[in-house]
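S.K.: If you want the building blocks of each chain, they are given just below.
Number of protein chains: 4
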Amino acid sequence: MDRRAPLVCRHPGLRVNPLPNTVMPADLISAYNAVRQQSAALAAPLSCEDSCVQSMPDASPAKWHLGHTTWFFETFVLEPREPGFKPFHSAFRMLFNSYYNAVGDKHPRPQRGLLTRPGLSEVLGYRSNVDERMQALLLTKPDDDELRELVVLGLHHEQQHQELLLTDIKHLFSVSPLYPAYTDPASPCATAAPLTWHAFPDGVVQIGHEGDPFYFDNEKPRHRVYLQAYQLASRLVTNAEYAAFIEAEGYGTPAHWLAEGWDWRLAEGRDHPMYWQRNTAGWQEFTLGGLCALDPNAPVLHVSYYEADAYARWACARLPTEAEWESAAAPLALNTHSAGAGCFHPRSTQDAGLSQLFSDAWQWTQSSYAAYPGFRAPPGAVGEYNGKFMVNQYVLRGGSCVTPESHLRVSYRNFFPASACWQFSGIRLARDV
Amino acid sequence: MDRRAPLVCRHPGLRVNPLPNTVMPADLISAYNAVRQQSAALAAPLSCEDSCVQSMPDASPAKWHLGHTTWFFETFVLEPREPGFKPFHSAFRMLFNSYYNAVGDKHPRPQRGLLTRPGLSEVLGYRSNVDERMQALLLTKPDDDELRELVVLGLHHEQQHQELLLTDIKHLFSVSPLYPAYTDPASPCATAAPLTWHAFPDGVVQIGHEGDPFYFDNEKPRHRVYLQAYQLASRLVTNAEYAAFIEAEGYGTPAHWLAEGWDWRLAEGRDHPMYWQRNTAGWQEFTLGGLCALDPNAPVLHVSYYEADAYARWACARLPTEAEWESAAAPLALNTHSAGAGCFHPRSTQDAGLSQLFSDAWQWTQSSYAAYPGFRAPPGAVGEYNGKFMVNQYVLRGGSCVTPESHLRVSYRNFFPASACWQFSGIRLARDV
Amino acid sequence: MDRRAPLVCRHPGLRVNPLPNTVMPADLISAYNAVRQQSAALAAPLSCEDSCVQSMPDASPAKWHLGHTTWFFETFVLEPREPGFKPFHSAFRMLFNSYYNAVGDKHPRPQRGLLTRPGLSEVLGYRSNVDERMQALLLTKPDDDELRELVVLGLHHEQQHQELLLTDIKHLFSVSPLYPAYTDPASPCATAAPLTWHAFPDGVVQIGHEGDPFYFDNEKPRHRVYLQAYQLASRLVTNAEYAAFIEAEGYGTPAHWLAEGWDWRLAEGRDHPMYWQRNTAGWQEFTLGGLCALDPNAPVLHVSYYEADAYARWACARLPTEAEWESAAAPLALNTHSAGAGCFHPRSTQDAGLSQLFSDAWQWTQSSYAAYPGFRAPPGAVGEYNGKFMVNQYVLRGGSCVTPESHLRVSYRNFFPASACWQFSGIRLARDV
Amino acid sequence: MDRRAPLVCRHPGLRVNPLPNTVMPADLISAYNAVRQQSAALAAPLSCEDSCVQSMPDASPAKWHLGHTTWFFETFVLEPREPGFKPFHSAFRMLFNSYYNAVGDKHPRPQRGLLTRPGLSEVLGYRSNVDERMQALLLTKPDDDELRELVVLGLHHEQQHQELLLTDIKHLFSVSPLYPAYTDPASPCATAAPLTWHAFPDGVVQIGHEGDPFYFDNEKPRHRVYLQAYQLASRLVTNAEYAAFIEAEGYGTPAHWLAEGWDWRLAEGRDHPMYWQRNTAGWQEFTLGGLCALDPNAPVLHVSYYEADAYARWACARLPTEAEWESAAAPLALNTHSAGAGCFHPRSTQDAGLSQLFSDAWQWTQSSYAAYPGFRAPPGAVGEYNGKFMVNQYVLRGGSCVTPESHLRVSYRNFFPASACWQFSGIRLARDV
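Residue numbers (our numbering), protein chains in the order written: chain A, 1 to 433; chain B, 1 to 433; chain C, 1 to 433; chain D, 1 to 433.
These are calculated hints, taken from the structure and not from any lab test.
One or more of the hints may lead you astray.
Each pair may be met inside one copy or between any two copies, as identical chains are not told apart.
Listed below are the simulated EDC-like cross-link pairs for lysine to aspartate or glutamate, each with C-alpha atoms no more than 20 Å apart in a straight line [to be verified]: (1) 220 <-> 202; (2) 106 <-> 263; (3) 220 <-> 351.
All values reported here derive from a predicted model rather than from experimental measurement.
Let's have the full structure, built from the sequences with the hints guiding it.
M.R.: Below you can see the structure in the form of structure tokens.
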């Protein structure tokens with residue numbers, strides 16, 4: 001009998017696209033239910049213990065994600081609107097507050113994993129309770145546009161945490177000597193299309209959100225930017241290409257690295273991507289499907305900005321700016337998840353055109369995360385959503401194999417510190433003409 | 001409906017004395033079963049989440065204690081004796097190794113809380129499996145003295161972890177804003193006997209283990225020590241007495257403190273015992289029964305060596321040496337747990353004689369933990385049990401309200417760093433004549 | 001007798017403008033001598049001890065600045081050109097290497113202050129020796145353009161270190177309880193012109209260096225940028241204005257701050273600019289002239305990016321981008337140092353126009369330090385001068401009262417991490433139309 | 001010309017024994033002058049820079065030692081006795097206070113090296129000023145016993161700092177890539193006497209100071225101790241013997257080490273004594289005479305308690321207790337410094353008897369630094385001299401080649417944390433019978 005078996009949990013194919021891009025009033029309740037059920041479905045393969053532990057200060061326990069997304073609806077939607085509002089639990093307002101100073105006290109982020117109480121089952125009870133109250137509220141106010149807008153914001157917020165739940169579980173499982181698998185492993189990709197370059201002329205372009213009903217405040221205002229002529233790589237950098245950088249002593253050559261990146265590399269003792277390890281048979285990669293042989297044709301994942309920048313310099317290229325990326329991607333359809341999406345791991349592309357933009361790996365840009373011209377954060381707590389993080393972070397564009405499809409947008413601005421690599425971050429190259 | 005209720009777990013009165021001091025061969029299996037069941041009983045009030053989380057590097061998850069004590073039997077008893085030995089799980093040998101270099105790799109101590117797998121239920125399965133195999137082995141070798149000795153060592157080892165399981169859960173619950181209770185709160189104590197002094201003459205005495213079948217290696221050899229005349233306080237320092245030290249600016253007066261203690265105090269921002277907090281109604285104390293009003297007559301608990309030493313200096317006294325303590329306590333019967341033991345909190349004493357020696361709070365001595373003259377650590381892994389910790393720790397004597405009664409001994413040497421206060425450590429004063 | 005007097009050193013008026021903006025071949029030796037003598041003049045008021053100590057890892061000892069600038073000439077100019085080159089001291093190549101991996105080993109930056117040997121007098125001897133050899137070389141190669149270019153780079157490099165020598169000495173003296181003065185204190189400023197707003201239209205502009213013989217690589221290529229319409233404040237924020245922010249609880253209101261800035265503030269315990277302190281008579285400011293009453297009309301100095309950004313948000317404004325700043329400043333003459341320059345402290349302005357651009361305080365921009373489109377670092381060691389620092393730093397524009405005048409340029413890009421405040425950094429506001 | 005020469009300072013033979021063990025009233029002024037001049041003589045080879053820098057928090061600048069020892073006389077002797085007392089400089093009372101809370105504020109220890117002012121010459125002026133005032137005071141009060149006692153304490157205090165000045169300079173010079181020499185290098189030792197064991201019987205002995213006029217408070221009260229029979233090694237462990245431990249993988253075998261020592265070793269990356277380094281020709285040792293080939297016959301120096309303990313365990317021995325050491329050494333004459341004393345480096349011994357007790361290297365004992373029975377710290381500031389350090393330190397006995405001879409005493413108790421190795425600490429073995 002293989003006693004290791006119970007350590008691996010399997011879950012049925014997850015649906016990852018419950019939220020329509022445009023939510024009509026009539027559909028709000030069903031959109032609400034779809035997104036909320038998706039979070040529970042993502043947590044279903046986890047044990048109580050898996051859901052409770054915090055593996056590093058940047059990551060949060062799955063249980064906390066489930067509670068915090070519920071807190072968002074209870075605090076911002078129900079509290080000001082529910083007659084005779086009574087919180088589910090008086091302490092949850094503080095326990096599940098992430099970073100909203102306007103709401104009041106917060107449980108310290110690095111201590112989220114110390115909260116064994118409430119347990120997973122109580123948090124699921126909290127979710128049911130708030131879901132019932134939300135449905136009741138939405139039925140009584142079908143025409144309240146401000147309410148609708150806030151609920152849609154809450155759903156997109158929850159979708160962000162669905163992605164984080166997966167990135168955080170991947171990290172948690174990666175630090176276990178048992179390397180548990182969250183789902184089935186991805187099958188290997190046969191080939192990858194050759195990398196080609198797509199050229200774009202200089203001139204004034206416009207970037208930033210337009211038209212579509214939902215957006216985050218940081219995607220606005222739409223505005224003009226002058227771009228010099230540039231070229232963009234047709235696809236993401238593959239594991240095989242990145243392994244060649246390693247073979248060429250890329251991690252040992254300071255000339256490829258930003259000074260701060262070099263120091264980071266030395267301090268972390270990093271000489272390969274965080275989820276890679278080498279054994280006698282060659283490179284292995286930890287995935288949500290467990291520890292697997294590295295797939296040479298799949299995109300490289302979980303690189304920091306420093307690594308992406310060093311690879312680009314070694315490859316006689318550079319990272320794109322976010323304006324270059326958006327301007328090139330805007331005319332294209334949002335491509336759907338590649339075949340491997342069900343196993344939360346990206347596939348190679350066979351497409352010779354501009355591909356792998358939206359649902360394989362987030363793409364580091366060389367753009368520091370900053371306010372668009374004319375940006376002003378909205379008043380109140382929701383004004384803390386994005387604006388206060390606009391320093392010392394870098395914008396990632398596109399989306400990844402763990403991003404809910406209905407959450408993707410060409411103007412979407414993801415952002416992380418240059419050292420972050422537990423997100424599904426990859427590399428798309430650009431170059432000057 | 002009070003939604004906070006499910007956060008508080010109650011458990012029936014726990015039996016804390018399953019292991020006879022002297023284990024006859026015929027009784028070994030029943031002693032084994034009694035101790036092993038006691039561990040499970042202590043864990044019964046805990047949720048899966050409670051059992052998994054590590055609240056600080058010094059503490060371990062309850063689940064780890066349950067696994068490690070089982071590992072001890074599987075590794076040291078079964079592995080060399082079971083025909084065709086196959087481990088329950090090939091990874092557990094490393095995962096549940098605490099600090100035995102001779103056994104091989106160890107999972108790093110500060111990462112014990114990251115092990116969500118194996119889950120609590122699998123660890124309980126591990127326990128059942130090893131218990132069955134142990135019983136089978138013991139039945140086949142009723143006359144194997146070496147085996148018997150090793151099993152008794154394993155049972156005392158497990159009793160140590162029973163105490164640690166409680167101290168570690170107390171710490172975990174104390175850092176939750178919800179202050180969960182592990183058991184029922186203790187009822188307040190009416191009065192405490194006045195503190196009196198008991199005098200002892202100078203001369204050569206003997207200390208160290210003798211006679212009794214079981215002891216840890218650090219209690220040997222029994223040897224001669226010359227003592228100057230001294231006096232010992234009749235009972236432990238009470239909360240009321242310690243509160244008077246605080247009122248008298250004891251925490252703000254460097255002259256009372258060791259220089260290193262003063263630095264510790266500043267670095268930690270400490271101005272009262274770690275589980276005390278002040279609200280408008282006065283002092284409260286976090287206990288295994290939850291947050292309670294401070295009981296003035298109960299012994300002060302959870303003080304560091306620095307605090308104990310500073311209090312003693314303020315009180316014109318000093319801490320005893322371990323030889324003074326043992327020499328004074330040796331003639332006394334091991335007093336049983338006070339009435340409050342069921343709730344894992346000490347009671348006041350009404351006894352005018354030398355009391356509260358064994359089962360209320362461990363008593364810091366001024367003795368640095370060191371080898372007795374002629375001590376030599378045994379060869380092999382068990383030699384790592386005690387000897388390698390003999391530096392920069394201080395000896396505590398007696399026992400506490402969470403120590404299993406059958407684990408107490410007058411020659412018992414507990415030891416912790418001077419800054420430790422999550423153990424049930426209190427203060428007994430001594431003074432020169 | 002006032003025994004404190006000897007602790008204060010005074011020095012005669014320093015000339016701060018020895019290097020012409022454009023260096024003709026015929027003038028190279030005199031320009032070389034002028035810049036080199038200026039460094040020695042700046043160090044003249046310092047004792048051996050003052051010149052040796054490193055007060056924090058970011059700062060360097062004055063003696064190190066004197067040695068490193070000399071090392072630049074010995075390593076990059078003399079070593080490849082001097083026939084039979086022999087280094088002054090074989091160890092200096094490593095000791096005085098700052099961050100050039102291409103040159104080889106470096107003495108670790110945080111340990112620069114541990115180098116008591118070579119002493120100040122030996123470093124001055126090193127300077128004389130290299131100066132003689134440089135003059136000899138320059139005389140033999142009057143028409144070597146590459147040599148001339150490298151020497152001019154070395155002189156601008158030395159001017160950068162002249163400024164750093166002053167910022168680092170200010171920090172060193174500020175941590176002494178004696179608050180030594182490097183020079184005479186500045187006299188108070190009577191008034192400051194009212195702050196007005198200067199408007200600029202939208203459209204494509206060009207920024208980046210053009211024409212002028214000398215520039216650093218990061219100022220190139222000159223390129224097009226699209227600017228939205230904006231307004232720029234006529235002058236720098238004054239101490240009085242910044243004090244009003246403090247009075248209005250600006251440091252205690254998270255809504256004004258970037259999240260990372262708020263954390264920085266808490267970690268540092270910062271609630272006023274780093275060189276301010278409050279006594280019973282009000283605010284005092286540590287200056288290179290010693291501890292003085294805060295001058296309300298002088299510009300606020302030594303603020304971090306976080307503080308500048310928080311102040312701007314509180315004042316319903318924002319920081320300018322570097323393109324906005326350069327585009328507005330380009331048509332203006334480089335204004336000369338204000339009257340207070342001799343005492344290394346900025347004066348108030350009486351000018352109603354756009355003023356205080358170049359020689360009072362560096363002005364934080366909201367622009368992250370990044371490569372201009374088409375930038376490529378030159379090959380070899382000089383390629384490490386700028387490019388490898390292009391991450392997680394913010395651009396400051398203009399110049400300060402401690403910047404050598406001949407070192408100023410409208411396209412000049414200074415850069416520091418957002419937390420840096422030991423530079424002479426101030427605040428110029430911008431706003432959207 | 002060898003330009004490295006000026007980096008090496010040489011000084012004439014230093015006299016290291018100016019203070020008679022017993023100071024008669026008539027001799028007090030000459031004893032005072034002798035000790036004070038000795039401090040200045042030890043500082044003479046140092047440049048201003050050498051005297052100012054602090055190479056680690058545990059070490060102090062030479063200038064600070066010169067100032068602090070002067071402060072002792074000004075604060076404790078002159079301030080309460082000099083009519084119309086005026087301090088030399090109002091800030092020095094705080095700047096040169098080491099750790100006396102009763103005196104008031106202290107400049108933080110890790111910032112002693114930031115005090116470039118007062119400079120060395122002003123500190124020497126401070127010394128002259130206080131010396132004049134002290135001589136004047138002593139002349140007016142020839143029969144004041146309390147004054148005499150305090151002055152003698154101050155002289156012994158100064159002798160302690162003479163030793164620290166040398167240990168701290170050795171550390172400072174050791175971190176310079178230039179490895180400056182403070183004095184001439186020691187010549188190699190031809191041979192070392194074989195190690196033999198000296199046996200001592202069990203029984204009650206007395207230890208602690210008696211008779212001799214001067215002692216530190218921690219050497220009292222003299223008291224009885226029971227010793228088991230033991231043996232003491234005839235001489236110190238040599239470099240050759242310690243190198244054999246290294247060759248035998250002593251640093252890589254956890255079984256030899258205390259658990260805390262093993263962690264220390266890993267954290268520090270230590271695999272040889274701190275001043276050793278290996279080059280192609282073999283081991284070299286940094287000494288006050290510069291970097292030299294390791295002398296196999298000289299005693300091993302600069303080992304931590306952890307290293308001393310590990311070596312002893314590997315050698316099937318142990319460290320002595322301080323009572324064993326003192327009891328064995330008491331009958332012996334204080335042996336004088338070995339021939340190498342002038343170069344501040346110990347020599348081998350040719351003596352087959354119990355040797356190298358007092359003036360080669362301090363000898364780690366296994367005794368934690370604690371109060372002798374009946375010890376009570378004196379009231380006031382001098383009570384802070386010793387008592388408050390009695391935790392987590394280990395006693396070293398004997399004396400070293402940098403200890404002033406007149407400072408040696410058989411009852412002398414030196415003490416340092418187990419990790420300290422910048423003192424001249426060596427190893428004497430003991431074993432059970």
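S.K.: Compare the structure with each hint and give your call.
M.R.: A quick look at each hint next to the structure:
no., hint, verdict
1, 220 <-> 202, "between (23 Å within a copy, 18 Å between copies)"
2, 106 <-> 263, "between (33 Å within a copy, 14 Å between copies)"
3, 220 <-> 351, "neither (32 Å within a copy, 37 Å between copies)"
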